[in-house]
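**Student:** Listed here are the chains, written in short residue letters.
Protein chains: 2
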Amino acid sequence: MVIMRNVVLIGFMGTGKTEAGRLLARRLGWSFIDTDALIEAREGRTIAEIFRDCGEPYFRDVEARATAEAARAGRAVIATGGGAVLREENRARLRASGWIVSLVAEPEVLLARVGAGVERPLLAGEPEANLRRLLSEREPLYRDADLVLDVSRRGVEDVVNRVVEFLAGYEEASVPVRLGSRSYAFHVGDGNLALLGWHLRGIGAGRGVALLTHPRLRTMMGNALAANLREWGFDPAVVTVPAGERSKGLRTASRVYDALVAHRCDRGAALVCLGGGVIGDLGGFVAATYMRGIALVHAPTTLLAQVDSSIGGKTAVNHPRAKNLIGAFYQPRLVAADIAALRSLPAREVRSGLAEIIKAAVIADADLFQYLEQHLDRILALEREILVEAIRRAAAIKAQVVEEDEFESHRRQVLNYGHTIGHAIEVATGYGRYAHGEAIAIGMHLEAVLAARMGLIGDAVVARQEALLARAGLPTRPEGVASRAVMEAMALDKKAREGRIRFALPLRLGEVAIRDDVPPPLVQEVLAGSPESH
Amino acid sequence: MVIMRNVVLIGFMGTGKTEAGRLLARRLGWSFIDTDALIEAREGRTIAEIFRDCGEPYFRDVEARATAEAARAGRAVIATGGGAVLREENRARLRASGWIVSLVAEPEVLLARVGAGVERPLLAGEPEANLRRLLSEREPLYRDADLVLDVSRRGVEDVVNRVVEFLAGYEEASVPVRLGSRSYAFHVGDGNLALLGWHLRGIGAGRGVALLTHPRLRTMMGNALAANLREWGFDPAVVTVPAGERSKGLRTASRVYDALVAHRCDRGAALVCLGGGVIGDLGGFVAATYMRGIALVHAPTTLLAQVDSSIGGKTAVNHPRAKNLIGAFYQPRLVAADIAALRSLPAREVRSGLAEIIKAAVIADADLFQYLEQHLDRILALEREILVEAIRRAAAIKAQVVEEDEFESHRRQVLNYGHTIGHAIEVATGYGRYAHGEAIAIGMHLEAVLAARMGLIGDAVVARQEALLARAGLPTRPEGVASRAVMEAMALDKKAREGRIRFALPLRLGEVAIRDDVPPPLVQEVLAGSPESH
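Chains as they are written, first to last, in numbering that gives the first Met the number 0: chain X, 0 to 533; chain L, 0 to 533.
Simulated from the structure, these hints should not be mistaken for lab results.
Check the hints yourself; a few may be wrong.
Copies of the same chain look alike in the list, so a pair counts if it works inside one copy or between any two.
Calculated cross-link-like contacts (lysine to any residue; reagent style SDA-like; alpha-carbon spacing at most 20 Å) [what the hints assert, rightly or not]:
1. Lys322 / Arg250
2. Lys322 / Val260
3. Lys322 / Leu249
4. Lys322 / Ala261
5. Lys322 / Val426
6. Lys322 / Gly267
7. Lys322 / Asp265
8. Lys322 / Tyr430
Please model the complete structure; the sequences and the hints are all you need to start from.
**Tutor:** The structure is reproduced here in structure tokens:
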């Protein structure tokens, strides 16, 4: 499951639902709703007074309304009254609203906690006997939960940790990136940045955290995330750099170092990159080189960064004469991709990211290609489950290729499908005309045509890929780009070795091969587009 | 053996001694001496004319004088006449001068090569019969060599490679640094930079090479080394940065990137760092980050860099607020330490390097400590074999510690013996008063005193170390340095964790332990020096 659902705490009086719920909500950055408090506020009197004045049936009606109201909230931790689970109507609403977490405890513990029971009308008279009776009546209802936690010998901190662990397990789809001592996990979910503090604890990050982002993202998400991390015991500093490629240079890197020094970040510190490719590349480079390497965490906010650049450890800044010239291979310790961040992106940027998902499918996973053909419209609509699944599968492909060739010796070149021509088009158009994914889409189409001309694939594959790219709203042909300029850019590319241009060319859907024997006249011809209608 | 001796080529006429010798000399950057050419120049006529006019006995006398003259040269490849080995006097001189490399070939090959023998008086008349007779007479003499190479089916390039391989095996002492796929070799010798091109070929470096050095070193060694590398088929660019710590910053790194771009260095390029710690740290950082990492080669020219900083992969530049703040762990592909470079160093700098050798002995090798006690004066006199052996053993210790803990998690901290106090003294004195090794020597003495006060070692160990440091001309007490300033610097050091100062303290000669439980008042007392005369 991938939808970030509410957390509903059920359990007998005295199990600490309110205290645990309050802390959990703070940790997640969610709102906290206590249905008893809601009832008291609505009614203007205490629960005990309602019981005394109007009796239990009246209270249960009021409680049902409060429960319904609470269940409608989003991003909320809901603590219910001990008897809220008695009505099937309430149970159904709560179950639809979120994960049911039941706190249970031994009767002796509860008795000690509820004490004299002044405010507990149901226990009045013979507290122990009443409590035991109620407990045994309700036990099946308290057992009917997604997670049952015995709090008899468990502190509130421990309860919260267990709930978050549960959420991380069920609310995120994860992909392991297996690189020996440099292994890490890629998580994707909807709203799962709420779990980042938990994950940071998991990797043993120290208190000092720097959150690198852009000013706009800081307002949208960064400040909230920082507040959230503070609740987890971290000491985050938010560092912003202007959006755009110009921030990807040594000068900006130097300013980020300054900020880390000013924040007294030591070797145990973590740098969280909240943003797209520029933030990830820049922050990755800084993390790789600050004190010879601190923990790097990617929280990619663009689809392109989520499925591609956040995995694999390529970090870099630009040199005035060449993009990504200064950098390092440096793996993150953790990647947390939250699709909630995609909802504020322009549609064009989402489509651009889709190009890399389609690329992943073509190079390594024919099933994914089919999945994309089936579900493209729902992905474009950012439908949670479908989108998370597509991202997870694309990330798994990237992870696998990186695992086979961490330092880009050979195998990793398959990821360059569409990029030999695509990157050259970006260079030839000065990076201004096409978004990266658009250029890659054109590159994929032309390289597929090239493969067909060389007899590697049939025209049907070319057509199928072209149709999917077109449905994704991606271009497949360079408009008014001089093919000579593209040829020149390819020859100068750092992927070229001793003047030979390398291509990753499809052999069928799901498989590509590296070739450096493509005749330049053929490339020229395909670029010029003349006999495409052969 | 560690002395870079000449190479003497012996062999029959037609074995290609002149051609091979000439190429070998170019590759090594040595002079080439052809004794036959020397004779002709001295006599003002050809060998054939001398034979004709004065007979063989006269020629042999002239040849003996020319051989004696050639044998006196240094850094020379000497090609001898085919009959030079006939006289014992010549053989003894040549053997004393260098390695005897004998080129042999099958008679048929030689006959084909010497052709009609117009210029070969000894073959006149019946060339084949004469040749076979001479060969069989001289065979034992040609076999009496350090290296015998059959050139019957071997081109000159191959001959030269075999000779250089032989030299690398016998003229350098080597230490392997075993780090899996990041393993490399440390070589130390006298004049062995002549072999650098050979080693670069060995690691598969591409044509593009950048030689990073200081202007003074460029004149002294860099230009010659570049010319040498050119002979090996490389395309070296010499890049200079001003000497001194101020070059160790992002600004200078940026200028080095520019130079690499201007020289069109690609991913296959190598960066050779010819210099001391600043060049190694700066160049190491640039190599680690240019195109996400190119081959790094250290050619350390100070004793400190040879025994310490060139091994282990720590690279860094300074941040205005902290030294070495920006850096990476990035292992070199090769280290070539040439003690010839040390001969132009001020004595103080050599003594400073000695501090790290003594440190290595104290932390891990009691035998080396004894070796230093025995041979210190000869090391200070830069006596080749002794010095090379001391460097090799110190390098082996550094290599072993690095192998156990590449990324400085724990074990590597033993290398910080003397550095906790030593580094703090450098900080407290603004890096101006003491050379690094001097500060470390003081640190070693005071930390040994600390260990003695804690009952870890006896006073005899302290005294032995102090005596050796003193003989090396190193200070052991901070003169007029406020102990409070040193205490403060220690607390701020990046090696301190959560306010606790870490020390590597000796348990005996050859073993240290990491301790973070040293009582600060004790440190204060030792620094103040009061009860040192206990």
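**Student:** The structure should be examined with respect to each hint, and the outcome stated for every one.
**Tutor:** Evaluated hints:
no., hint, verdict
1, Lys322 / Arg250, "both (14 Å within a copy, 18 Å between copies)"
2, Lys322 / Val260, "between (27 Å within a copy, 12 Å between copies)"
3, Lys322 / Leu249, "both (12 Å within a copy, 18 Å between copies)"
4, Lys322 / Ala261, "between (29 Å within a copy, 15 Å between copies)"
5, Lys322 / Val426, "within (10 Å within a copy, 38 Å between copies)"
6, Lys322 / Gly267, "between (30 Å within a copy, 18 Å between copies)"
7, Lys322 / Asp265, "between (30 Å within a copy, 13 Å between copies)"
8, Lys322 / Tyr430, "within (11 Å within a copy, 38 Å between copies)"
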